[in-house]
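Counted the way this note's numbering counts, the sequence shown spans residues 1362 to 1543.
The set of hints was computed from the structure by calculation and includes no laboratory data.
In this text, all values refer to a predicted model and were calculated from it rather than measured experimentally.
You can trust all of the hints, since none of them are fake.
Using 27 Å as the maximum straight-line C-alpha spacing, the simulated DSSO-like pairs for lysine-lysine come out as follows:
id	residue 1	residue 2
1	K1432	K1414
2	K1422	K1461
3	K1422	K1432
4	K1432	K1420
5	K1420	K1461
6	K1414	K1459
7	K1459	K1396
8	K1432	K1533
9	K1396	K1420
10	K1539	K1461
11	K1539	K1522
12	K1459	K1533
13	K1533	K1522
14	K1396	K1414
15	K1493	K1414
16	K1420	K1459
17	K1422	K1533
18	K1422	K1459
19	K1522	K1487
20	K1459	K1539
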Amino acid sequence: REGLQISDEVEILISATAVMLTFGFRNFYIGLIDKIFVYPNTFFSNVNQAHHKGEFNPKLKALVLSWEHFKLGYDIGDDNLNLGIHEFAHAIHLNSIKEKDVSSIIFRDSFRELTSMLSANESLRKELIASKYFRAYAYTNQFEFLAVLVEYFIESPQEFKSQFPDVYAKVKQMLNFKFTGY
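Please put together the full structure from these sequences, using the hints given.
And the structure:
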């Protein structure tokens, strides 16, 4: 979009982000993504009439990214701010609700277990919020909460695990991550 040339770098880095998040899946196909639009910078979204850095639109099966902000997500590998991871996490989450493959079922059921665990454990909920470990945007809604958790899981797994081991374990289960360092 807006004259941005889709180079090998753009294709490889965006594809690598999807692969990184689905590497533990048996079925790695994200059927809710039909197209990916890449803008040079922030873009105007007709969804809510505002400028965005990224969004996932399930009705259009479109992932939309600002290339500048996508790259910024990888400039600092442990700041827990990664647009690509965040938007792909939304797509994977919504895809898991729609699909019936084993990876989607594991993801969906693990997320349900996480929400049940948090609903049943008021002290853990309060501790999550009071710690200010996760940025405030995580508490916007359950979809943003999950996307932010995945960012933290990927970018600073050991710190996440030490801060909130039970929440960490559920994210690890969702993504079926059985890799060194996780």
